[in-house]
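Chain S is fixed; fit chains E and R onto it per the hints.
Line order of the protein sequences matches chains S, E and R.
Sequential numbering from 1 applies to the first sequence in the UniProt record's numbering.
Sequential numbering from 1 applies to the second sequence in the UniProt record's numbering.
Sequential numbering from 1 applies to the third sequence in the UniProt record's numbering.
These are computed hints drawn from the structure, not numbers from a lab.
Honestly, I wouldn't trust all of these hints.
Claimed, not checked - Distance condition first, Cα-Cα at most 20 Å in a straight line; then the derived DMTMM-like pairs of lysine to aspartate or glutamate: (1) E:50 x R:89; (2) E:58 x R:77; (3) S:66 x S:28; (4) E:58 x R:10; (5) R:80 x E:49; (6) E:50 x R:10; (7) E:58 x R:78; (8) S:69 x E:22; (9) S:22 x E:49; (10) E:88 x S:5; (11) E:58 x R:76; (12) E:93 x R:40; (13) E:50 x R:19; (14) E:93 x S:5; (15) E:8 x S:37; (16) E:93 x R:74; (17) E:13 x S:73; (18) E:93 x S:9; (19) E:58 x R:53; (20) E:88 x S:28; (21) E:58 x R:72; (22) E:8 x E:49; (23) E:50 x R:77; (24) S:66 x E:33; (25) S:22 x S:37; (26) E:88 x S:9; (27) E:93 x S:73; (28) E:50 x R:7; (29) E:58 x R:82; (30) S:67 x E:22; (31) E:58 x R:74; (32) E:88 x S:17; (33) R:12 x R:77; (34) S:54 x E:22; (35) R:6 x E:33; (36) E:50 x R:53.
Stated by the list, open to error - One side of the interface only, derived from the structure: several residues of chain E facing chain R at Cβ under 10 Å: (37) 37; (38) 43; (39) 46; (40) 55.
Heads up, the beta-carbon is just placed ideally off N, CA and C, and yes, glycines get one too.
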Amino acid sequence: MSSIESPLDLIRLSISERVYVKLRSNRELRGVLHAYDQHLNMVLGQVEETVTSKEVDEETDEEIVKKSKREVDMLFVRGDVVILVSPPLKST
Amino acid sequence: MLFFSFFKTLIGKTVAVELKNDVILTGTLHSCDQYLNLKLSSVTVVNGDKYPQLGCLKNAFVRGSVVRYVQIPSGEVNTELLEDATRKENAPKKREVAK
Amino acid sequence: MASTIKELIDKKVNVVCVDGRNLIGILSGYDQLQNLVLTDCHERSYSSTSPVELVPLGVYIVRGDSLAILGELDVEEDAKRDLGGIRAEPVRPVLHTQS
Numbered sequence: 001m002s003s004i005e006s007p008l009d010l011i012r013l014s015i016s017e018r019v020y021v022k023l024r025s026n027r028e029l030r031g032v033l034h035a036y037d038q039h040l041n042m043v044l045g046q047v048e049e050t051v052t053s054k055e056v057d058e059e060t061d062e063e064i065v066k067k068s069k070r071e072v073d074m075l076f077v078r079g080d081v082v083i084l085v086s087p088p089l090k091s092t
Numbered sequence: 001m002l003f004f005s006f007f008k009t010l011i012g013k014t015v016a017v018e019l020k021n022d023v024i025l026t027g028t029l030h031s032c033d034q035y036l037n038l039k040l041s042s043v044t045v046v047n048g049d050k051y052p053q054l055g056c057l058k059n060a061f062v063r064g065s066v067v068r069y070v071q072i073p074s075g076e077v078n079t080e081l082l083e084d085a086t087r088k089e090n091a092p093k094k095r096e097v098a099k
Numbered sequence: 001m002a003s004t005i006k007e008l009i010d011k012k013v014n015v016v017c018v019d020g021r022n023l024i025g026i027l028s029g030y031d032q033l034q035n036l037v038l039t040d041c042h043e044r045s046y047s048s049t050s051p052v053e054l055v056p057l058g059v060y061i062v063r064g065d066s067l068a069i070l071g072e073l074d075v076e077e078d079a080k081r082d083l084g085g086i087r088a089e090p091v092r093p094v095l096h097t098q099s
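Same shape as in the complex, but just chain S (with noise of 0.2 Å):
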């Protein structure tokens, strides 16, 4: 097995394996990498993507925070949006 050098390595170990990814506005993203590039660019299949919200309840003053999840076939991510890629899940 080739050593891990420098952090992308660590990503190309986890081709075809379901990672999770960590995206701006609040999302993010499970689903298996097919491809990626120097700019985390990537190709994700059996994608879910959960988009997280808060919203003030303006009675009681709380905050509720909401879940919204879908799920997408295959999907390109644009890698100015990536905050972080975590290689395979255990779970799921």
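Quick look at chains E and R alone, frame taken from chain S:
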């Protein structure tokens, strides 16, 4: 260049482009360039009632920098080929020299 | 890719900027950075509470990095619309900075 080549293989296919302003355009991928600027023909806007600004468009040039996602028809993609190309493109430089 | 903007030259185009503004004009020129020259240009300012406001701008240069969507306007379809009756939120700006 990997994704430029990848998008070139998708020309003529139907894609949904989701922008950073939450607008989603669907249409036929007409062309793309090295900056991943995309041109769509027969465009429709998802949730079009909300965006009259985008009604009456015949085609759309989308600047690559405003794209968040592109939803791709998975049946049109050979994932094995794509993964191999990715491994090749991102191969550690040293190993190449050693060969 | 430059060739695809070429197809739009001298056509009536609809431009959505990264700040959400909507410009209509004749595309008279462009360059490789997608800087655009629009003649006979006007802005359509949308609001959820008042009719669409048309702001005449004359000749306008749009810098490429503030361009989000560029499309050919279907003039016939557009003429059928009653802009005065349309109430809509402006298109959201493209967010580059929000985390």
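Hints and how they fare:
no., hint, in the structure
1, E:50 x R:89, "holds, 8 Å"
2, E:58 x R:77, "holds, 10 Å"
3, S:66 x S:28, "holds, 13 Å"
4, E:58 x R:10, "holds, 15 Å"
5, R:80 x E:49, "holds, 16 Å"
6, E:50 x R:10, "violated, 29 Å"
7, E:58 x R:78, "holds, 11 Å"
8, S:69 x E:22, "holds, 15 Å"
9, S:22 x E:49, "violated, 31 Å"
10, E:88 x S:5, "holds, 17 Å"
11, E:58 x R:76, "holds, 11 Å"
12, E:93 x R:40, "violated, 53 Å"
13, E:50 x R:19, "holds, 17 Å"
14, E:93 x S:5, "holds, 11 Å"
15, E:8 x S:37, "holds, 16 Å"
16, E:93 x R:74, "violated, 50 Å"
17, E:13 x S:73, "holds, 15 Å"
18, E:93 x S:9, "holds, 11 Å"
19, E:58 x R:53, "violated, 23 Å"
20, E:88 x S:28, "violated, 27 Å"
21, E:58 x R:72, "holds, 5 Å"
22, E:8 x E:49, "violated, 31 Å"
23, E:50 x R:77, "holds, 17 Å"
24, S:66 x E:33, "violated, 38 Å"
25, S:22 x S:37, "holds, 17 Å"
26, E:88 x S:9, "holds, 12 Å"
27, E:93 x S:73, "violated, 33 Å"
28, E:50 x R:7, "violated, 28 Å"
29, E:58 x R:82, "holds, 19 Å"
30, S:67 x E:22, "holds, 17 Å"
31, E:58 x R:74, "holds, 6 Å"
32, E:88 x S:17, "holds, 17 Å"
33, R:12 x R:77, "holds, 12 Å"
34, S:54 x E:22, "holds, 17 Å"
35, R:6 x E:33, "holds, 14 Å"
36, E:50 x R:53, "holds, 17 Å"
37, 37, "holds, 6 Å"
38, 43, "holds, 7 Å"
39, 46, "violated, 13 Å"
40, 55, "holds, 7 Å"
The structure fails hints 6, 9, 12, 16, 19, 20, 22, 24, 27, 28, 39 (numbered hints given earlier, in ascending order).
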